[in-house]
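Protein sequence lines, in the order shown, are assigned to chains A and B.
Note that this note's numbering has the first sequence beginning at 1, numbered continuously upward.
Note that this note's numbering has the second sequence beginning at 1, numbered continuously upward.
If you're looking for bench data, these hints aren't it; they were derived computationally from the structure.
Among the clues, some could well be false.
Unchecked claim - In the BS3-like style, the derived pairs of lysine-lysine whose C-alpha atoms are separated by at most 27 Å in a straight line are:
(1) B/LYS258 / B/LYS332
(2) A/LYS209 / A/LYS258
(3) A/LYS303 / A/LYS151
(4) B/LYS209 / A/LYS21
(5) A/LYS149 / B/LYS45
(6) A/LYS21 / B/LYS115
(7) A/LYS45 / A/LYS19
(8) B/LYS21 / A/LYS209
(9) A/LYS159 / A/LYS149
(10) B/LYS45 / B/LYS294
(11) B/LYS45 / A/LYS45
(12) B/LYS149 / A/LYS45
(13) B/LYS159 / B/LYS19
(14) B/LYS45 / B/LYS19
(15) B/LYS21 / B/LYS209
(16) A/LYS115 / B/LYS19
(17) A/LYS115 / B/LYS21
(18) A/LYS149 / B/LYS149
(19) B/LYS45 / A/LYS151
(20) B/LYS300 / B/LYS45
(21) A/LYS45 / A/LYS159
(22) B/LYS258 / B/LYS184
(23) B/LYS45 / B/LYS149
(24) A/LYS19 / B/LYS115
(25) B/LYS209 / A/LYS19
(26) B/LYS149 / B/LYS159
(27) B/LYS332 / B/LYS294
(28) B/LYS332 / B/LYS159
(29) B/LYS19 / B/LYS149
(30) B/LYS258 / A/LYS45
(31) B/LYS151 / B/LYS45
(32) B/LYS149 / B/LYS294
(33) B/LYS19 / A/LYS209
Here is how the chains run, residue by residue.
2 protein chains.
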Amino acid sequence: MERTELNTLGEFGLIDRIKSKFTNQNAETIKGIGDDAAVIDVGDKYMLVTTDILFEGIHFDLSYTPLRHLGYKAVAVNVSDIAAMNGIAKQITVTIGLSNRISVEAIDELYEGIKFACESYNVDLIGGDTSASASGFVVSITATGFVDKDKIVYRNGAKPNDILCVTGDLGAAYFGLQVLEREKQVYLANPSMQPELTEKEYLVGKILKPEARTDIIHELNELGVVPSSMIDISDGLASDLLHICTQSGVGAMVFEDKLPIEDITMLTATEFNVSPITAALNGGEDYQLLFTVKQSDFDKIQKVSDVLPIGYMTQDTAVQLALNSGGTAAIKAQGWNHLR
Amino acid sequence: MERTELNTLGEFGLIDRIKSKFTNQNAETIKGIGDDAAVIDVGDKYMLVTTDILFEGIHFDLSYTPLRHLGYKAVAVNVSDIAAMNGIAKQITVTIGLSNRISVEAIDELYEGIKFACESYNVDLIGGDTSASASGFVVSITATGFVDKDKIVYRNGAKPNDILCVTGDLGAAYFGLQVLEREKQVYLANPSMQPELTEKEYLVGKILKPEARTDIIHELNELGVVPSSMIDISDGLASDLLHICTQSGVGAMVFEDKLPIEDITMLTATEFNVSPITAALNGGEDYQLLFTVKQSDFDKIQKVSDVLPIGYMTQDTAVQLALNSGGTAAIKAQGWNHLR
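Looking at chain A on its own, in the form it has when it is part of the complex:
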């Protein structure tokens, strides 16, 4: 039999390949594969469904990931996907794959983090699956949520001249991970060394315990602003902006000097000899919201703390970064392309 390596397709190629094979048969199914969450018509409202899986050794390293934080993060990233449709998550199911390395106390810690997130985001744990896993530790969460039908936001609604906005700051989670990896190597070389993380606390917090921006969804709702398109930044601003552009059939111009990057991120970028702009564009795991609004909503948007306009959408489909040095550079996608 022929054998094509998955690496030749990459993540997005694989998703496109799967999507092309399926068509929806039920009238209730409004949106399937291809956005932050699927959309089901349940009568008065739309129900949103999203799912994310976290594998030990791929998404987290138990040597520096407290299980409490892992539990919190696993919930937050799903709540974030529901937020990216302009919806509010209400329920989650939690599935775990376990080996005998994991103690009851460790599971308790994981679920303490999950519970803390459930309380923080007002979400109910309604079910799941617990299974033995032949290999590593696995956490898979599915979230359901609701949105008013006239307020749903897809990736494909951006129009030329819409303003591109982002919440919070970018690149911090990327450097948080670099710091943890460095401390792990130091520890492995000399186990008597204690990690020195105090000054990097902000960065480490961003990778270990990101927050879903449901606060922004509530604020936009109160202001009566419905974004024309939205996505949450999981793979990196570049990759996620390209999803909006491709699906909306538009381009974008992003201003380098508008990218929100914290001082500690800047400092740490110098330390690691990595461009902070590259980290902001391609670092990923920020879980901030990236969205577009009509120009007429600009005044309202400026009232929302922690939302920053960083560019605008264009008729021309090029997706570009306007450089501080003058000129532009093309913004390119990322995603996993290599499996072990």
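Dock chain B against chain A, hints included.
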């Protein structure tokens, strides 16, 4: 830190432990952990949500599991959980964990099986997650479905004197697995041997490609019968009947001579020197429906082909098997108790 081994809790102990920590906060959440599917109030109807994960090396062995069948089965077992609430599944999300051992052609095969099941059960694939996995191959599916509010069936509604019914036949999947394991050992000992499975086709089909009994749900609906309690048999009749009994606060008397066991299952039980009754009670993976009905529904139930009354529910909470030899034996639970 104290360390308690998970094996001391077992699967059901762990689920109870998790359940005890959480309370639901949203009015829409009707039923959380503890049934075949969670129940969410979405207005006119109830939405049902269920999830199941399958790990390579635990739930399937790629050396004798065609990926097409694995895909079909992964969908069917979730559709079966929705059916066990008297509902009809409408959507699924599919999450896969991949290593570089898996080719694009293998993924295509998996999704062909998933597609075949989607068409067979009229279910839409609406999303999922594709991730690298540090180790084995993993398939996690979440299904959503609907049921009329006045037709939902829980595990906890059985009443004394209700009739206990089961669909199809039992124990075949258990022996299908034994046959596959035996042929694998023969093959490993001598790779030139071709497996001889023709006469065991029925058994092997039951483990590799079980069907969800949505046909029974439609038939019951047409007859106007709403079971008083229902569960699908995944862990084995014994274990699943005990869930109904515990949650309903009743006992049961099951007649050994009523247990539906096919001739080929009987024959193979002799071959493997395993009691066919033990396989029927504790084999698991049958994915048949186990349900109770009021005595007044008995006449209607007899019109449904492939449904068999096998006993009745009792005020006394003992759960017993009435033996052919006279006397009774206690029916005991199973579930996973040992992790590797």
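Comparing the hints with the structure gives:
1. Simply put, B/LYS258 and B/LYS332 have alpha-carbon atoms about 18 Å apart, close enough for the 27 Å limit, and the pair holds.
2. Distance restraint check for A/LYS209 and A/LYS258: the Cα-Cα separation of roughly 25 Å lies within the 27 Å cut-off, and the hinted pair is therefore satisfied.
3. The hinted pair formed by A/LYS303 and A/LYS151 meets the criterion: a straight-line CA distance of about 20 Å does not exceed 27 Å.
4. Between the alpha carbons of B/LYS209 and A/LYS21 the distance comes to roughly 21 Å, so the proposed pair stays at or under 27 Å and holds.
5. Our distance criterion of 27 Å between C-alpha atoms is met by A/LYS149 and B/LYS45, whose separation comes to about 17 Å.
6. A C-alpha spacing of about 8 Å is found between A/LYS21 and B/LYS115, which places the hinted pair at or below 27 Å, so the restraint holds.
7. For a cut-off of 27 Å, the pair hint linking A/LYS45 to A/LYS19 stands: about 25 Å separates their Cα positions.
8. Restraint check for B/LYS21 and A/LYS209: satisfied, since their Cα atoms lie roughly 21 Å apart, inside the 27 Å limit.
9. Only pairs whose Cα atoms come within 27 Å are accepted, and A/LYS159 paired with A/LYS149 is accepted, the gap being roughly 20 Å.
10. At roughly 24 Å between alpha-carbon atoms, B/LYS45 and B/LYS294 fall within 27 Å of each other, so this suggested pair holds.
11. Among the hinted pairs, B/LYS45 with A/LYS45 is consistent with the structure: their alpha-carbon atoms are about 12 Å apart, no more than 27 Å.
12. The straight-line distance between the Cα atoms of B/LYS149 and A/LYS45 is roughly 17 Å, inside the 27 Å bound, and the hint therefore holds.
13. Restraint check for B/LYS159 and B/LYS19: satisfied, since their Cα atoms lie roughly 25 Å apart, inside the 27 Å limit.
14. Straight-line distance between C-alpha atoms of B/LYS45 and B/LYS19 comes to about 25 Å, which keeps the hinted pair within the 27 Å bound.
15. A hinted pair counts as satisfied when its Cα atoms are at most 27 Å apart, and B/LYS21 with B/LYS209 does not qualify at roughly 36 Å.
16. Annotation: proposed proximity of A/LYS115 to B/LYS19 holds, straight-line Cα distance about 11 Å (limit 27 Å).
17. For a cut-off of 27 Å, the pair hint linking A/LYS115 to B/LYS21 stands: about 8 Å separates their Cα positions.
18. In summary, the hint linking A/LYS149 to B/LYS149 is supported, as the alpha carbons are separated by about 23 Å, within the 27 Å threshold.
19. With a C-alpha separation of about 22 Å, the suggested pair B/LYS45 and A/LYS151 falls inside the 27 Å cut-off, and the hint holds.
20. In summary, the hint linking B/LYS300 to B/LYS45 is supported, as the alpha carbons are separated by about 26 Å, within the 27 Å threshold.
21. This hinted pair checks out: A/LYS45 and A/LYS159 have alpha carbons roughly 25 Å apart, not beyond 27 Å.
22. Straight-line distance between C-alpha atoms of B/LYS258 and B/LYS184 comes to about 34 Å, which puts the hinted pair past the 27 Å bound.
23. Only pairs whose Cα atoms come within 27 Å are accepted, and B/LYS45 paired with B/LYS149 is accepted, the gap being roughly 5 Å.
24. With a CA separation close to 11 Å, the supplied pair A/LYS19 and B/LYS115 stays within the 27 Å bound.
25. A C-alpha spacing of about 24 Å is found between B/LYS209 and A/LYS19, which places the hinted pair at or below 27 Å, so the restraint holds.
26. Distance hint between B/LYS149 and B/LYS159 is fulfilled; the C-alpha atoms sit about 20 Å from each other, no more than 27 Å.
27. Distance restraint check for B/LYS332 and B/LYS294: the Cα-Cα separation of roughly 25 Å lies within the 27 Å cut-off, and the hinted pair is therefore satisfied.
28. In summary, the hint linking B/LYS332 to B/LYS159 is supported, as the alpha carbons are separated by about 20 Å, within the 27 Å threshold.
29. Taking the CA atoms of B/LYS19 and B/LYS149, the gap is about 24 Å. The hint holds against a cut of 27 Å.
30. Our distance criterion of 27 Å between C-alpha atoms is broken by B/LYS258 and A/LYS45, whose separation comes to about 47 Å.
31. Taking the CA atoms of B/LYS151 and B/LYS45, the gap is near 10 Å; set against the 27 Å cutoff, the hint holds.
32. A distance of roughly 19 Å separates the Cα atoms of B/LYS149 and B/LYS294; the hinted pair therefore holds under the 27 Å criterion.
33. The hinted pair formed by B/LYS19 and A/LYS209 meets the criterion: a straight-line CA distance of about 24 Å does not exceed 27 Å.
In terms of the numbered hints stated before, the structure departs from hints 15, 22, 30, listed from lowest to highest.
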